[in-house]
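S.K.: Kindly generate the complete structure, drawing on both the sequences and the hints.
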Amino acid sequence: MMNPESLRTVSVMRYILPLREGGSLPALAEADDDFKYVLKFRGAGHGVKALIAELLGGEIARFLGLPVPELVFATLDEAFGRTEADEEIQDLLQFSQGLNLGLHYLSGAITYDAAVNDCEATLASKIVWLDAFITNVDRTFRNTNLLVWHKELWLIDHGAAFYFHHSWNNWENSAKTPFALIKDHVLLAKASKLDEVHSEFTQKLNPDVLRKIVNLIPEEWLQWEDGSLKPDEIKEVYFQFLSTRLTNAELFLKQAQDARKTLI
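The UniProt record's numbering puts the first residue of the sequence shown at 1, with every later residue one more than the last.
Hints are not guaranteed to be accurate.
The following label-pair restraints were derived from C-beta to C-beta distances [stated by the list, open to error]:
id: 1; residue 1: L28; residue 2: N117; range: 20 to 26 angstroms
id: 2; residue 1: G227; residue 2: V116; range: 41 to 47 angstroms
id: 3; residue 1: R211; residue 2: L28; range: 32 to 38 angstroms
id: 4; residue 1: L263; residue 2: V116; range: 15 to 21 angstroms
id: 5; residue 1: E196; residue 2: R142; range: 24 to 30 angstroms
id: 6; residue 1: S167; residue 2: D91; range: 24 to 30 angstroms
id: 7; residue 1: T177; residue 2: D208; range: 36 to 42 angstroms
id: 8; residue 1: T247; residue 2: G65; range: 20 to 26 angstroms
id: 9; residue 1: Q94; residue 2: T9; range: 19 to 25 angstroms
id: 10; residue 1: I264; residue 2: Q223; range: 45 to 51 angstroms
id: 11; residue 1: Q223; residue 2: E88; range: 33 to 39 angstroms
id: 12; residue 1: T202; residue 2: L263; range: 22 to 28 angstroms
Simulated from the structure, these hints should not be mistaken for lab results.
We treat Cβ as the ideally placed atom computed from N, Cα and C, and that holds for glycine.
M.R.: Structure below.
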């Protein structure tokens, strides 16, 4: 268990290559600390909301002791990307000037395949509980968002979590949902220790921890044009969402357990 702390900030020096096709176009890039990072751009499809989900989900996972690559704030200056030949990438880079998010690049990692790779029950249960807590819809057989690196399992890509914030309506009700989509989780069948994990995680997490993690969100990611809330008010909604969800954690625990019964 790690205490939430401020993230390091790096400057992006070199765009290396896009990592996959799709709307978000994450990229491999090198920063001024000589490390390589998977960059998530504020100018991509879901904008800063995907970065906020990535930050909150990743740092909650890290606090709970789960293996997540280091997250860093990554700055792109005004001139970056002007020489990029691909017009789509050039536009993405120019729309992403300022603060973005980077994940330490796990060189040589391979994608987790449930048919080939194993995951022991306690770790599987921790990952399932986390994803139910943060309403992460994107850890399925089709897209596991898990990597095997040095024979260990690593969690990546939490940008699809906290999906309530894309409509921003009835977040109170969203916080109390059992999260039925947990039925599609790639590790659900292996998650036989959910009761033990639930007891551990609900003791570790508390309002003070959640407040510190929410306060990591940079103010420049909270200047939303599609709403009337001020940055502090937006942070308060995220905090209240997480606090309410933690208070009602029995709901999503039972949903995961019931969904698992249909698989085994």
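S.K.: A separate judgement is required for each hint: does it hold in the structure or not?
M.R.: Results for each hint:
For L28 paired with N117, a C-beta distance near 23 angstroms keeps the hint of 20 to 26 angstroms intact. Roughly 44 angstroms separates the CB atoms of G227 and V116, a value that falls within the hinted 41 to 47 angstroms. Taking 32 to 38 angstroms as the suggested C-beta distance range, the pair R211 and L28 conforms, at roughly 34 angstroms. With their beta carbons about 19 angstroms apart, L263 and V116 fall inside the hinted range of 15 to 21 angstroms.
For the pair E196 and R142, the beta carbons lie near 29 angstroms from each other, so the given range of 24 to 30 angstroms is met. Separation of S167 from D91 is about 26 angstroms and conforms to the stated range, judged on CB atoms against 24 to 30 angstroms. Checking the proposed 36 to 42 angstroms range against T177 and D208 shows it is violated: the Cβ atoms sit about 25 angstroms from each other. For T247 and G65, the hinted distance range of 20 to 26 angstroms is satisfied, since their beta carbons lie about 22 angstroms from each other.
One distance hint, 19 to 25 angstroms for the beta-carbon pair Q94 and T9, holds here, with the actual separation near 20 angstroms. Separated by about 47 angstroms at the C-beta atoms, I264 and Q223 satisfy the suggested range of 45 to 51 angstroms. For the pair Q223 and E88, the supplied restraint of 33 to 39 angstroms is violated, since their beta-carbon distance comes to about 25 angstroms. At about 24 angstroms, the beta-carbon gap between T202 and L263 stays in the expected band of 22 to 28 angstroms.
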